[in-house]
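Please build the complete structure, drawing on both the sequences and the hints.
Protein chains: 2
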Amino acid sequence: GGQNRSAFPAAQGEHLHQKMSENGALPLRGKVLTVDTMNANVKKVDYAVRGPIVQRAVQIEKELKEGVKKPFEEVIKANIGDAHAMGQRPITFFRQVMALCTYPQLLDDNKFPEDAKNRARRILQSCGGNSIGAYTTSQGIDCVRHDVANYIQRRDGGIPSDPDNIYLTTGASDGIVTILKLLTAGEGRTRTGVMISIPQYPLYSASIAELGAVQINYYLNEEKCWSLDISELQRSLQAAREHCDPRVLCIINPGNPTGEPLRSFPYKTKSNYIYKGCEFHSFKKVLFEMGPEYSSKVELASFHSTSKCYMGECGFRGGYMEVINMDPEVKAQLTKLVSVRLCPPAPGQALMDLVVNSPQPGEPSYQTFIKERTDVLSALAEKAKLTEEILNTVPGISCNPVQGAMYSFPRITLPERAINEAKAKGQAPDMFYCMKLLEETGICLVPGSGFGQREGTYHFRMTILPPTDKLKIMLNKLKEFHQKFTQQYS
Amino acid sequence: GGQNRSAFPAAQGEHLHQKMSENGALPLRGKVLTVDTMNANVKKVDYAVRGPIVQRAVQIEKELKEGVKKPFEEVIKANIGDAHAMGQRPITFFRQVMALCTYPQLLDDNKFPEDAKNRARRILQSCGGNSIGAYTTSQGIDCVRHDVANYIQRRDGGIPSDPDNIYLTTGASDGIVTILKLLTAGEGRTRTGVMISIPQYPLYSASIAELGAVQINYYLNEEKCWSLDISELQRSLQAAREHCDPRVLCIINPGNPTGEPLRSFPYKTKSNYIYKGCEFHSFKKVLFEMGPEYSSKVELASFHSTSKCYMGECGFRGGYMEVINMDPEVKAQLTKLVSVRLCPPAPGQALMDLVVNSPQPGEPSYQTFIKERTDVLSALAEKAKLTEEILNTVPGISCNPVQGAMYSFPRITLPERAINEAKAKGQAPDMFYCMKLLEETGICLVPGSGFGQREGTYHFRMTILPPTDKLKIMLNKLKEFHQKFTQQYS
Chain H
1 GGQNRSAFPA
11 AQGEHLHQKM
21 SENGALPLRG
31 KVLTVDTMNA
41 NVKKVDYAVR
51 GPIVQRAVQI
61 EKELKEGVKK
71 PFEEVIKANI
81 GDAHAMGQRP
91 ITFFRQVMAL
101 CTYPQLLDDN
111 KFPEDAKNRA
121 RRILQSCGGN
131 SIGAYTTSQG
141 IDCVRHDVAN
151 YIQRRDGGIP
161 SDPDNIYLTT
171 GASDGIVTIL
181 KLLTAGEGRT
191 RTGVMISIPQ
201 YPLYSASIAE
211 LGAVQINYYL
221 NEEKCWSLDI
231 SELQRSLQAA
241 REHCDPRVLC
251 IINPGNPTGE
261 PLRSFPYKTK
271 SNYIYKGCEF
281 HSFKKVLFEM
291 GPEYSSKVEL
301 ASFHSTSKCY
311 MGECGFRGGY
321 MEVINMDPEV
331 KAQLTKLVSV
341 RLCPPAPGQA
351 LMDLVVNSPQ
361 PGEPSYQTFI
371 KERTDVLSAL
381 AEKAKLTEEI
391 LNTVPGISCN
401 PVQGAMYSFP
411 RITLPERAIN
421 EAKAKGQAPD
431 MFYCMKLLEE
441 TGICLVPGSG
451 FGQREGTYHF
461 RMTILPPTDK
471 LKIMLNKLKE
481 FHQKFTQQYS
Chain E
1 GGQNRSAFPA
11 AQGEHLHQKM
21 SENGALPLRG
31 KVLTVDTMNA
41 NVKKVDYAVR
51 GPIVQRAVQI
61 EKELKEGVKK
71 PFEEVIKANI
81 GDAHAMGQRP
91 ITFFRQVMAL
101 CTYPQLLDDN
111 KFPEDAKNRA
121 RRILQSCGGN
131 SIGAYTTSQG
141 IDCVRHDVAN
151 YIQRRDGGIP
161 SDPDNIYLTT
171 GASDGIVTIL
181 KLLTAGEGRT
191 RTGVMISIPQ
201 YPLYSASIAE
211 LGAVQINYYL
221 NEEKCWSLDI
231 SELQRSLQAA
241 REHCDPRVLC
251 IINPGNPTGE
261 PLRSFPYKTK
271 SNYIYKGCEF
281 HSFKKVLFEM
291 GPEYSSKVEL
301 ASFHSTSKCY
311 MGECGFRGGY
321 MEVINMDPEV
331 KAQLTKLVSV
341 RLCPPAPGQA
351 LMDLVVNSPQ
361 PGEPSYQTFI
371 KERTDVLSAL
381 AEKAKLTEEI
391 LNTVPGISCN
401 PVQGAMYSFP
411 RITLPERAIN
421 EAKAKGQAPD
431 MFYCMKLLEE
441 TGICLVPGSG
451 FGQREGTYHF
461 RMTILPPTDK
471 LKIMLNKLKE
481 FHQKFTQQYS
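Protein chains in written order, with UniProt numbering: chain H, 1 to 490; chain E, 1 to 490.
Don't take each hint at face value.
Remember, identical chains collapse to one label, so a pair may be satisfied in a single copy or spanning two.
Keeping only pairs whose Cα atoms sit at most 25 Å apart, straight-line, the calculated DSS-like set for lysine-lysine is [stated by the list, open to error]:
hint, residue 1, residue 2
1, K336, K181
2, K336, K69
3, K470, K62
4, K44, K181
5, K285, K436
6, K297, K31
7, K470, K285
8, K43, K111
9, K181, K224
10, K181, K43
To be clear, the hints were calculated from the coordinates, so they are not data collected in a lab.
For clarity, every value in this text was computed on a predicted model and none was experimentally measured.
In structure tokens form, the structure reads like this:
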């Protein structure tokens with residue numbers, strides 16, 4: 001039978017209790033749950049990529065639909081890395097296998113290639129009752145975890161990966177929050193500190209706020225293409241020790257816009273990586289190159305998802321994490337903790353499997369898969385270049401090369417008068433800028449203040465995902481707007 | 001480009017810092033993350049339905065596969081409400097629409113009925129870039145929230161439901177934890193207390209422990225078919241006030257094994273409900289029947305998911321919650337909070353839509369849908385009856401009628417000697433019983449102690465989901481085991 005579960009504030013219980021005692025109608029108390037009585041940590045959470053500017057963008061879209069006249073015809077959302085929403089097409093093979101898993105009657109359909117059918121059969125055999133509608137184990141479907149481990153092992157040139165160290169997750173965010181949760185302890189000066197890069201992705205600051213941990217900022221060097229200076233990491237760590245217990249170092253690899261701090265850190269060498277899709281320097285591999293003292297001791301958790309790269313399958317919420325050198329007792333606690341949510345979505349798990357176990361040479365879907373993947377990655381590389389080139393022609397905008405992700409974080413020079421007007425309004429100056437941009441052009445970007453930036457500098461973050469023709473229009477509109485804005489406030 | 005994000009304990013940072021300063025190899029500190037230094041609340045979390053007994057069951061399954069001889073040939077898992085894993089077939093219409101959403105090329109295939117295609121087109125039109133791989137809004141796809149609101153409105157005989165009050169969730173668990181998180185505040189005597197029924201579903205105790213809230217037990221009356229006595233609710237509330245701030249009352253409706261406390265509470269009347277699938281008394285409707293003072297003031301959050309009832313689609317992690325009378329500022333905080341996880345899985349959202357917007361009379365899929373749904377519900381009703389009947393023939397087992405869910409929670413009488421032996425082993429007596437049952441028969445049940453029970457009473461929880469013939473075998477094996485166990489320890 002169906003269930004409908006309720007959790008509600010006890011004003012009710014209170015009142016009913018009073019009613020029972022006195023047998024008369026009593027006025028109810030005011031709200032049980034108010035901003036004054038709610039979880040204080042939740043109030044501190046900020047999440048810029050879905051913040052006020054995006055809410056306004058959604059409103060403007062509604063107004064446009066209702067026929068309200070605007071100086072533009074559509075809102076271009078470059079606020080979040082949502083590839084399919086920007087017109088990127090899903091990889092055919094992935095969707096074929098997913099359809100087969102969902103509706104296995106299609107396994108009899110000769111329109112589907114044999115390799116897609118084989119993958120689907122294999123996944124279904126690992127599901128309870130051969131249904132993707134069954135709960136999976138909390139750590140994730142066995143064969144998927146094995147495939148992930150094999151993938152990591154290939155990626156790292158044979159360095160072993162143990163399926164027992166793989167946890168499938170609901171997107172990468174879920175895994176990151178889970179690990180931070182495990183690590184959060186202590187009070188006051190012993191409270192867990194979490195080192196994050198500035199600029200950061202706001203998931204980190206939001207989770208740290210929600211958990212009541214301490215956020216420790218280390219600043220990336222914008223002048224050196226957002227690289228990490230060791231002295232800055234050192235400064236940040238030392239400063240943090242005065243008021244908390246720094247226990248976690250978060251790094252985004254490859255850049256977002258963060259580069260390759262770990263490798264440059266121990267070796268004091270630098271190597272550049274170029275825009276090449278999913279290629280990157282694995283931290284785990286670096287640990288193994290540093291020798292057994294490191295590879296057998298350093299605790300490392302790394303995360304990946306189906307949402308980014310050439311896949312862009314955000315809606316499926318597929319992801320994994322690999323934890324190495326985790327204390328076995330803590331790992332048991334981790335497994336227990338993830339079991340409370342029962343399991344990550346099974347379709348997301350299946351999709352993650354396809355990402356790590358894609359068509360191989362000789363299989364019927366191989367050619368199409370390679371072509372589709374190459375097309376997406378070349379388009380991204382082209383758009384990355386386009387973004388950098390056009391933005392750098394604008395006086396007052398400076399944009400580092402977009403090297404390894406789908407985002408750019410250009411710096412903008414704002415006139416003093418604009419900064420003052422924003423401050424008078426109680427707005428961050430780059431929020432003021434982005435809000436005006438949205439109202440006048442329909443372009444939705446996120447102010448740099450939502451990601452963090454050095455005091456006195458201003459940025460915006462934009463994805464490079466809109467289709468090339470639309471991206472060009474957008475960049476040129478942005479150019480025009482910036483010039484007008486600068487004139488207006490000079 | 002691809003990203004791989006890492007969060008790792010700072011032993012690394014520590015060491016590297018030392019290395020930089022001294023330019024020599026230093027031994028690494030011990031583990032940063034140990035059971036002594038981890039989040040203390042997480043350690044307190046227990047989750048019986050995926051606890052030690054289930055881990056042992058998984059192990060036994062592996063042993064059987066490896067050819068280890070056992071007194072049984074397979075493990076029968078009746079520990080969790082995982083319908084498809086127990087052989088229940090998915091509803092054809094649901095899976096057809098999901099396959100169409102996943103691989104829209106199938107929209108040209110004339111094997112799929114028109115109503116399935118129309119549903120799929122409508123869902124895809126609400127998705128960014130017409131792809132179920134795009135992020136949805138954090139609150140959930142617009143048209144799905146509208147359909148949920150309409151469904152609730154129909155369910156409650158026209159009492160209005162506002163789509164703005166609907167939040168789609170990753171299964172019901174996600175919504176429940178989110179609401180409890182919002183409500184958790186205060187310290188010591190002002191710490192939020194959460195009233196939960198005993199027996200409970202362990203998600204509640206686990207979430208309360210993780211959030212560091214205070215668990216307040218109210219005991220259901222086993223003698224009266226697990227109904228709720230008002231005096232018990234009163235006792236529980238008053239006792240709780242001595243040490244915390246009781247702010248939330250959690251109720252499971254219909255029974256699991258909880259009955260209909262809300263209705264019986266204000267009205268002091270009782271009405272019986274029978275095994276009828278999804279039919280139940282809506283708390284919201286009751287509030288409206290009580291008049292505007294209640295319907296406009298009492299804060300209520302209710303939850304539903306695709307996992308239970310005739311659907312049994314657990315793996316998709318679809319769910320929704322409706323919040324009524326929530327303070328608008330708090331609601332803004334809720335929306336912000338859910339946005340940190342970006343969105344619930346889009347396939348789960350789509351599936352939720354189909355549940356609330358199933359085939360209608362006259363549509364091509366209607367007949368099949370009704371037949372499939374009826375078959376599942378009749379089978380459940382039959383199995384509920386079977387379970388009660390067989391178990392009640394066993395001296396020392398007493399089983400209430402299974403009325404509104406897929407679980408039963410029979411009471412078992414254990415011999416004094418068995419209780420003592422368990423205690424000597426440091427085990428709960430019903431864990432001792434269930435572990436023996438598993439080792440000797442392959443039947444995996446969950447001890448009552450994982451759900452809570454009155455001191456000195458012992459139970460197990462079993463689902464009634466195994467196929468009828470297997471359920472019969474299981475119940476008879478259970479009977480035999482109980483008799484043997486009782487003899488052995490008498």
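Right, here's what the structure says about each hint:
no.	hint	result
1	K336 with K181	both (13 Å within a copy, 19 Å between copies)
2	K336 with K69	neither (55 Å within a copy, 29 Å between copies)
3	K470 with K62	within (21 Å within a copy, 55 Å between copies)
4	K44 with K181	both (17 Å within a copy, 13 Å between copies)
5	K285 with K436	neither (46 Å within a copy, 46 Å between copies)
6	K297 with K31	between (51 Å within a copy, 7 Å between copies)
7	K470 with K285	neither (39 Å within a copy, 50 Å between copies)
8	K43 with K111	neither (52 Å within a copy, 51 Å between copies)
9	K181 with K224	neither (33 Å within a copy, 42 Å between copies)
10	K181 with K43	both (18 Å within a copy, 11 Å between copies)
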